[in-house]
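Each chain, written out:
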Amino acid sequence: MLLKTVNLTKYYGHFLALDKLNIEVREGEIYGFVGPNGAGKTTAMKILACLMNASAGEAYIDGISIMQNPAKAKKLIGYMPDFFGVYDNLKVDEYLEFYADAHNVPKSERAPLIEDLLQLVNLSDKKDKYVDTLSRGMKQRLCLARSLIHDPKLLILDEPASGMDPQARAEMKFILKALKAQGKSILISSHILPELSEMCDRVCILSRGKSVVSGNMDEIMEAMGRRAKITIGFLTDEDLQNGVAVMRTNDYVGQMVREGNKVEAVFNGTDEDMSKLIKAFALSDVRIVSISKTVQSLEQIFLEVIGNEN
Amino acid sequence: MKIKLNNPIISSEMKIRMRSWRSPIALLVYIFILVVFLLIFASMALSTMRYGYNTADYSEVGLVIFYTLSIVQFFIIVLVAPASTAGAISSEREKQTLDLLLCTQMSPTKIVLGKLVSSLLWILLMFIASIPLYSIAFLFGGVTPMAVVTVMLYYFLVSLAAGSIGMFYSTVFKRTVTSSIMAYLTIFLIFVLSLVIGYAELFFLSQRNVYPDFANAFYFNPFIAFLGAMSLALQGATGTNIFSVTAFQLKTLVAVNVVFLLLLSALALLTSISRINPLKGRKR
Numbered sequence: 001m002l003l004k005t006v007n008l009t010k011y012y013g014h015f016l017a018l019d020k021l022n023i024e025v026r027e028g029e030i031y032g033f034v035g036p037n038g039a040g041k042t043t044a045m046k047i048l049a050c051l052m053n054a055s056a057g058e059a060y061i062d063g064i065s066i067m068q069n070p071a072k073a074k075k076l077i078g079y080m081p082d083f084f085g086v087y088d089n090l091k092v093d094e095y096l097e098f099y100a101d102a103h104n105v106p107k108s109e110r111a112p113l114i115e116d117l118l119q120l121v122n123l124s125d126k127k128d129k130y131v132d133t134l135s136r137g138m139k140q141r142l143c144l145a146r147s148l149i150h151d152p153k154l155l156i157l158d159e160p161a162s163g164m165d166p167q168a169r170a171e172m173k174f175i176l177k178a179l180k181a182q183g184k185s186i187l188i189s190s191h192i193l194p195e196l197s198e199m200c201d202r203v204c205i206l207s208r209g210k211s212v213v214s215g216n217m218d219e220i221m222e223a224m225g226r227r228a229k230i231t232i233g234f235l236t237d238e239d240l241q242n243g244v245a246v247m248r249t250n251d252y253v254g255q256m257v258r259e260g261n262k263v264e265a266v267f268n269g270t271d272e273d274m275s276k277l278i279k280a281f282a283l284s285d286v287r288i289v290s291i292s293k294t295v296q297s298l299e300q301i302f303l304e305v306i307g308n309e310n
Numbered sequence: 001m002k003i004k005l006n007n008p009i010i011s012s013e014m015k016i017r018m019r020s021w022r023s024p025i026a027l028l029v030y031i032f033i034l035v036v037f038l039l040i041f042a043s044m045a046l047s048t049m050r051y052g053y054n055t056a057d058y059s060e061v062g063l064v065i066f067y068t069l070s071i072v073q074f075f076i077i078v079l080v081a082p083a084s085t086a087g088a089i090s091s092e093r094e095k096q097t098l099d100l101l102l103c104t105q106m107s108p109t110k111i112v113l114g115k116l117v118s119s120l121l122w123i124l125l126m127f128i129a130s131i132p133l134y135s136i137a138f139l140f141g142g143v144t145p146m147a148v149v150t151v152m153l154y155y156f157l158v159s160l161a162a163g164s165i166g167m168f169y170s171t172v173f174k175r176t177v178t179s180s181i182m183a184y185l186t187i188f189l190i191f192v193l194s195l196v197i198g199y200a201e202l203f204f205l206s207q208r209n210v211y212p213d214f215a216n217a218f219y220f221n222p223f224i225a226f227l228g229a230m231s232l233a234l235q236g237a238t239g240t241n242i243f244s245v246t247a248f249q250l251k252t253l254v255a256v257n258v259v260f261l262l263l264l265s266a267l268a269l270l271t272s273i274s275r276i277n278p279l280k281g282r283k284r
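These protein sequence lines map, in sequence, to chains P and F.
Each residue of the first sequence is one higher than the last, beginning at 1 in this note's numbering.
Each residue of the second sequence is one higher than the last, beginning at 1 in this note's numbering.
Misleading hints may appear alongside valid ones.
Estimated spans, in silico, between C-beta atoms of each pair [unchecked claim]: (1) P:71 x F:247: 47 to 55 Å; (2) P:71 x F:19: 30 to 38 Å; (3) F:11 x P:129: 14 to 22 Å; (4) P:56 x F:262: 34 to 42 Å; (5) F:58 x P:88: 36 to 44 Å.
Honestly, the hints are just simulated from the structure, not real lab data.
All C-beta atoms in this analysis are idealised placements derived from N, C-alpha and C, irrespective of residue type, glycine included.
I would like the entire structure built from these sequences, with the hints used as guidance.
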């Protein structure tokens, strides 16, 4: 386990920003933090980047306590906040050289390292350009290169794709996957679950400082229930009344809404449970004219989880 | 054990500063102001010599040039030093780069000292640029190399104190403008309050028919102590000092002021370091 937090808690005055957060990030894994604004993602990341004291709890990186030994821990962490933080009057290579020096990277290793990093983030041709001449996406990639300058084991990326156009997002995703392939562990945050679900091995949904659910996407779907929406059309009003009675006896059918001769309902069961429901209609002589099932998207689940929490 | 004196902030700050067109312009303006004052006061001294009583002693002109340069430079430094550090940390906050610096292996102490040293180096460059002007004073005589060294050391001390005050406010306020205003206000208060309190002290003592050479508050005024230090350094050459007090009293004035400025700098710097440390109260 590369990163482990134990009941990590943060209060801002009386406001509880992080409530006993427990996460574990494995080596070579991309772990996503997802939650709405104010969920505690940035607070958690700042504590892990040694930029803020926790009110309680512990965090370990590669077995080193971040609380007890931040100087050692910082060697293993590369942090990229949700803003650029660049010196416009420095050239691209000078900017990286400055951070290499700040991280005590030996002088002899700096030039080839900078070359490699610029190649990785596709900025080799911008090496001699001033930072203020770079586009937003390029600056974001330069910041990623900066966070990698001391070859950290764990990258903490706070909303790295915010404000980027689709192409820049795709490029960023590609680079992160390449880093994962190199064995880097990445802790990444976003307020858009589908965006993370594509590249993260595991995800933790945060709301009001609490971990609501965590795991890989299948585990999250399982934990939230494999929710689907079913819409059933009945031939007559009598069929509808009988059908509703049948549905009420079924454990997997949740809230129902009537619309004319149709009923819309939440269905938590599997495909087998669905076939049992259809059979129950047949046994009760309920005449059905149409039936459809729509599985909820990740975004819908996320919004529902956040909605329930709030 | 290998001690690492390298500080990346100093090299990058100097690089950024010297790249800007403002730096050579500022240096030119600075030298221009010194030259203007030098010409005014030197010509006044020369005309006094020509038409006055003292027709043979050119060393008087040398001393006038020395005092003019030193005093004008003193006030320019008092104005420049806080301005160059008042934005040191606040500008990092404005650019959102402070967190990134704190994530590196650089400690808050190294960051604060790096910022301070790079500002002091700029002021040092100003000193060096003004040295040729001092040579004019030597041409007329009356000035000792020791006096120039004393003046330079005092400049360094005042730059350190004024710079540290600017640094402190740059860690307190998020905006550079606010921290600059507060730094100037504090320095103004140190200069003016010590004078006002000193004169009030002398006034109340005179009411009781006590006439001390010096008010206690004057010991804390950097300009009075600077004049005292110059006077002390020139005493050998001139035989007198501008305060008409004993050498011991001058030495005490300078010593107290030096300790005061060093303590003020240390307090401001230690508070600045503590203020930017995100992990205060935790072992780093």
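Hint-by-hint comparison with the structure:
1. P:71 x F:247: 47 to 55 Å: holds, 51 Å
2. P:71 x F:19: 30 to 38 Å: holds, 32 Å
3. F:11 x P:129: 14 to 22 Å: Taking Cβ atoms as reference, residue 11 of chain F and residue 129 of chain P lie about 20 Å apart, which means the hint holds.
4. P:56 x F:262: 34 to 42 Å: holds, 41 Å
5. F:58 x P:88: 36 to 44 Å: violated, 53 Å
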